[in-house]
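Chains as they are written, first to last, in this note's numbering: chain W, 40 to 445; chain U, 40 to 445; chain Z, 40 to 445; chain P, 40 to 445.
Just to be clear, a hint being listed does not mean it is correct.
Each computed EDC-like pair below joins lysine to aspartate or glutamate, with the alpha-carbon atoms no more than 16 Å apart [unchecked claim]:
1. Lys293/P with Asp230/P
2. Lys249/Z with Glu430/P
3. Lys199/P with Asp179/P
4. Lys249/P with Glu430/Z
5. Lys199/Z with Asp230/Z
6. Lys249/W with Glu169/U
7. Lys249/W with Asp362/U
8. Lys249/U with Asp429/W
9. Lys249/P with Asp99/Z
10. Lys249/Z with Glu363/P
11. Lys210/Z with Asp179/Z
12. Lys75/W with Asp99/W
13. Lys210/U with Glu169/U
14. Lys249/U with Glu169/W
15. Lys210/W with Asp180/W
16. Lys293/Z with Asp309/Z
17. Lys293/U with Asp230/U
If you want a taste of the chain U side facing chain P, the calculated C-beta under 10 Å gives, among others [what the hints assert, rightly or not]:
18. Ala183
19. Asn194
20. Leu212
21. His215
22. Ala278
23. Trp311
24. Val316
25. His357
26. Glu359
Read the hints as simulated data drawn from the structure, not as lab findings.
Backbone N, C-alpha and C fix where the C-beta goes; we use that ideal spot for every residue, glycine too.
Chain by chain, the residues:
Protein chains: 4
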Amino acid sequence: MNSRPTLTQPAANGSADHTVVPRFPQQGYAREFVDKRREWVEERTGCQLDHVAACSLDTDLLRGNIENPIGTIQMPLGVVGPLKVNGQHADGEFYVPLATTEGALVRSYERGMLAITRAGGATTRVTISENKGSPIFKCDDVAAAHELAQFVEQNFKQLKAEAESTTSHGKLLRVHTRLIGRDVIVDFSYDTGDAHGMNMISKATDAACKWIGRQFPAQTCYILSGASSEKRPSGMLFAGGKGKHVTAGVRLSKRIIRQYLHSTPQAIGDMWRRTLVAQTVTGVLGYNGHVANGLTALFIATGQDVANVTNSAVAMNHIEVTDEGDLYASITLPSLTIATIGGGTALGTSAECLDMLGCRGTGHVLKFAEIVAATVLAGELSFGAALATDEFVHAHESLGRNRPDA
Amino acid sequence: MNSRPTLTQPAANGSADHTVVPRFPQQGYAREFVDKRREWVEERTGCQLDHVAACSLDTDLLRGNIENPIGTIQMPLGVVGPLKVNGQHADGEFYVPLATTEGALVRSYERGMLAITRAGGATTRVTISENKGSPIFKCDDVAAAHELAQFVEQNFKQLKAEAESTTSHGKLLRVHTRLIGRDVIVDFSYDTGDAHGMNMISKATDAACKWIGRQFPAQTCYILSGASSEKRPSGMLFAGGKGKHVTAGVRLSKRIIRQYLHSTPQAIGDMWRRTLVAQTVTGVLGYNGHVANGLTALFIATGQDVANVTNSAVAMNHIEVTDEGDLYASITLPSLTIATIGGGTALGTSAECLDMLGCRGTGHVLKFAEIVAATVLAGELSFGAALATDEFVHAHESLGRNRPDA
Amino acid sequence: MNSRPTLTQPAANGSADHTVVPRFPQQGYAREFVDKRREWVEERTGCQLDHVAACSLDTDLLRGNIENPIGTIQMPLGVVGPLKVNGQHADGEFYVPLATTEGALVRSYERGMLAITRAGGATTRVTISENKGSPIFKCDDVAAAHELAQFVEQNFKQLKAEAESTTSHGKLLRVHTRLIGRDVIVDFSYDTGDAHGMNMISKATDAACKWIGRQFPAQTCYILSGASSEKRPSGMLFAGGKGKHVTAGVRLSKRIIRQYLHSTPQAIGDMWRRTLVAQTVTGVLGYNGHVANGLTALFIATGQDVANVTNSAVAMNHIEVTDEGDLYASITLPSLTIATIGGGTALGTSAECLDMLGCRGTGHVLKFAEIVAATVLAGELSFGAALATDEFVHAHESLGRNRPDA
Amino acid sequence: MNSRPTLTQPAANGSADHTVVPRFPQQGYAREFVDKRREWVEERTGCQLDHVAACSLDTDLLRGNIENPIGTIQMPLGVVGPLKVNGQHADGEFYVPLATTEGALVRSYERGMLAITRAGGATTRVTISENKGSPIFKCDDVAAAHELAQFVEQNFKQLKAEAESTTSHGKLLRVHTRLIGRDVIVDFSYDTGDAHGMNMISKATDAACKWIGRQFPAQTCYILSGASSEKRPSGMLFAGGKGKHVTAGVRLSKRIIRQYLHSTPQAIGDMWRRTLVAQTVTGVLGYNGHVANGLTALFIATGQDVANVTNSAVAMNHIEVTDEGDLYASITLPSLTIATIGGGTALGTSAECLDMLGCRGTGHVLKFAEIVAATVLAGELSFGAALATDEFVHAHESLGRNRPDA
């Protein structure tokens, strides 16, 4: 007799069942506990998790990255390249790992990379590298809020000391206040080195805010107001300060465009103009072809915080016919939020993929930013050319899944 | 002697090296070719890809999902629940798979789920289920564009026939035109069933546009104008039509809030109001706590097109103190782009995770939409309560990675 | 001895003075009461209002347009033209009244109009003519809200009857609901004929909502949710439905551009592309050169509700070099909120200015919309050419006020 | 025989008529030329312009404010007050001039002002007072653009000297660059004193850019990129720098709200929350009730550049029930673009209306900013209370024009 409870069945006493996920010693990161927890889920929900079980990672290392672990998911990984980058931090040819399940995506980026590389490579520049936390203070009235704002602006030195007392790596670069009614939003801008930095930022900002709170006991402070635009799309992202501001550009001759992208500068230029108009009247933040695709595939492959695609994919693609009749194409990512240390970057496949780019660990985040921008540029070129030449539908038909209505 | 070329070294003849990723028979999906390709990458870039190699999937099944495959990436998978959902399609208690590397995220969603479940569950409703493609037609002048727009509006029946001739599942629901100068943007809105549908939509729309093109030979058409807001954040997403429009709500008593969220309705209500103001003056589209986190973790676990988080995470969170002093909390996702068939949904861990929710395959996408919304609501509640009670920094400190400045 | 109270002096008893504006019989629209009220202000504030007193309007006619009247303001009025319009409603050459105090503005629009007229005129089309009110209903929970939304969608006929019972002119075209948590936003879209229509819309919508309220007694309704975007800029305006959606376009040869705009298609095309990129990365809604200038000047001259410039100025300017090397320029105004009857349109100078365009009174609003669009297009061309040729600074210097740092 | 050409009649030779507005000596500002020009328009268009002719201004003074003058328009002017302001620049009770044709508007602002004044007055603070111009430089490629951006950042002293050589009043405060592909947007931020300053800014920025151009001969510069958001709504306005950033707040007791606004804190708080949600899901920039109404009426009355309402009306209204059960209401205007000298401020009725506020001429712009903010706050309170109590429709019915469907 099968006694496994169905999911919706109320318990005998009439109250709902509400069985929680079982707890194990030391939060259950040991392999045996991961296995037991997974088996409990299988039992509980009637599913089989064989592939989830095929986890090659040392489960003890998952502590700090996840709770209630039951294994790993797998996503297909492809490689594209070579991608020639002429940056200030990345200089050379790279083979880029992309994790995706969207057929044709890898091939499309590959073709854009070939065009760029044959054209001499993409030039890249990082102009901002910082991250921020933006608490909000509620004060008694507008006058009190104004006073607090002025206090914050005038006491940077002390705020810096308080904030940096909590971290050995982060540096508080500046504070900026905005008075909104009786609230004050304070942007704390940090240099976070090679780390994503939000945990560090929260901790450091919390210390600074607690110090402010001791001077203004009456106020309430919420440590994350959302005004930093972390993991949210906003009109303010183009102002910079949430991650890296990085630009990649390339000049493509008519010949290169014909040979690799099967199009012409004029056709791509016209496509660009019209689709930009279409996106503008749709209220899209920025303009791009499919930046989210490349970013997501790279973020998943390299252990980034993938939810940061939400802000990182706000981008500006600019493709134009030059006076000489060539094409100049660029992509600007004002809010690329990435890391080469911390978070998921050290786990199994993530570390391997960062290694593939020579970007693992300390001192590599700006190099990584430049490679990401050049990768995205490749995708924009290939996508744009496909649109301009009507190849788009065909490519997805021939490379996408061979199934009805996929 | 190591003859492996360095990445940046030009070839002997002074031109760059530009070695492309090797090609294999039938595009190289057989395991041996996947292995050879990966070994080539290891050789070429000097990295080791052992975890990438630990791929449990049948590589032949990767065809249609990726090109140039070299294995799989792995990301930690946790489980949270129970989550009680009172929907029109999802009805019962669920255990939800979340793939993430952000410490504390799973625990935070779990606590929100417990609060919801103990409160009787989240009520969910799906009000729109469709997807769209938005080509743009360039015409000779404003008058010609106006004529084309009128023609399109007047010939829905024929357009439907043309579009649906390419698909056995997709249904063209309606067309809508916008005249922008001498361009016409046409929204083709489809019922795509349980599939994501963009490939189907592109194919069907292409057929319809080719038919329009035969009546108006002078015009140029770009099949994807970007006006559909696919994988891009825009002000138009709240109008619906790009995916599911789904809402989840729950009423929480003071007692539940104290017990599970360690806070009060008033504290959470104040936090909501101030952070909403902060996000509004930042130009954020919609308002939410950290919707992107939950969506991304669920999308990765269940084989969704993760890049669609870019549009799906545009959301509206509403938490308020009721006249009776309780809390009413809701989340509305106007553009949730998901699938239970096609894309990456059938691959190994994805299929298993959909199974865990009873959402694998045909007929389950609306149920899945409701579970996603309820999951996201749990995350919003837990996050909001943490902010309101100053627990946020502490939770990330104790559950996040134990490393400097992670 | 001057006993006039100073503005900041508290009254003798220590409380502030708080003297209200004097009341007169029948709200004081008779000339003598207007004069007395003005004299009271002069006395009270120590200013002289001679020009305000030089009001040529019959003050009794101000009832319904203003309260506490003290006279009129005057603003300089200039005339520009001829402007050739080839529309479906406006067909001919027009002389356009512009009220402004910004030097060079009239001359700039004049030059754009000459270019358009010499090029054969602007082609104009109105594709939408409606206006909307968007109440919001608060319900008990998500399920109740969903029920109310469905009820509204299913009872259009009755809602139409209720709404139209309050008006002899307005027609309810359609209703559309959006479920946001436990709230339902309902868009009531009307044909308002030649009137602006917001008062009519509010009244009709109120009647319809009261009828809904009788079926759902528990809910609360706010008659203006702001979701109509009336007098507010929003990403939704490009979807249409708040006023007229009107487009104007013109093709300009190289010769015309050289002769009237002192530039070339290429120079203007490059200016367009770069400034569009600049505005996009600034988060501007739409793109335009200085549409607000022309609209404001026309709205003030013709007695429009000038605050509606806030939504009406959200626009899309598209200027491009054609394959033949000419320029094709267009402007699209998706939310032009105007009237030829009601509001301020019948007052003195307003009626005269509408007369100047042959647009006074019933049956002329679409003609007026086309003239407005063509006028704005003229301004965009002249402004764009000035930017492209570096004439901008010079023009403002020679035509602007001859004063330091004006 | 009447030989006056009709507007649409082509000339005899088959070409269109194209008669331009007549030119007069010295651009025709003398009264006789203004009259002749107006008579020509009357003749040409068949209208009568008697009220336009009733211009009390000295037409010679219109030079610099308008071209092709034919007289003035008149708009009704009302007065409201007293408005008590407790600012750092405005301190006392004021009577405010509002020019409008929207019935009920003046009465509504008056009631809000009474509530504020009886509650002790609105507290106001100006936190930013500057204005900016934002040219864009096109460079050869990303590397060249990066070089130019760095040059600009490093040569502020010289740029300041160049810019300020063109003006005796304007001060260049700072420059800020953004790299977007191969373009560089440069924000030049100025203190413009009491003037609007855009002409001064254009001239000064032009000088600075010409100096940059001499160092980088290959680039192209457009002096107005639109990135300053002048007269355009954008997500960046809340960052400040385009005009005054000013906040006004007031605390209202239950008693005051009942007596003057006929509502309760709870009702207004609920209205605020729901309409904010509604505006947020509409993609409105900021949130407000009807800020554009008050701003427009004040701008017209006081000779401001009314087109600047487009950016100035982007605002944040925050109304909340306090812990004590009162209401705290505030309005924040991040981009209030106003002047007390230059532009139209010195003309007839404008000067008189500024006098009414004690804000005419040098040294008064911050005082004026505070009065504007307090005025707008009054309008928000009255409008919000009307919505909350269902008075809105009734007020417009009883005070609006007594005509069908106005």
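Unsatisfied constraints (hint numbers, rising)
1, 3, 6, 7, 9, 10, 11, 14, 15, 17, 18, 19, 20 and 21
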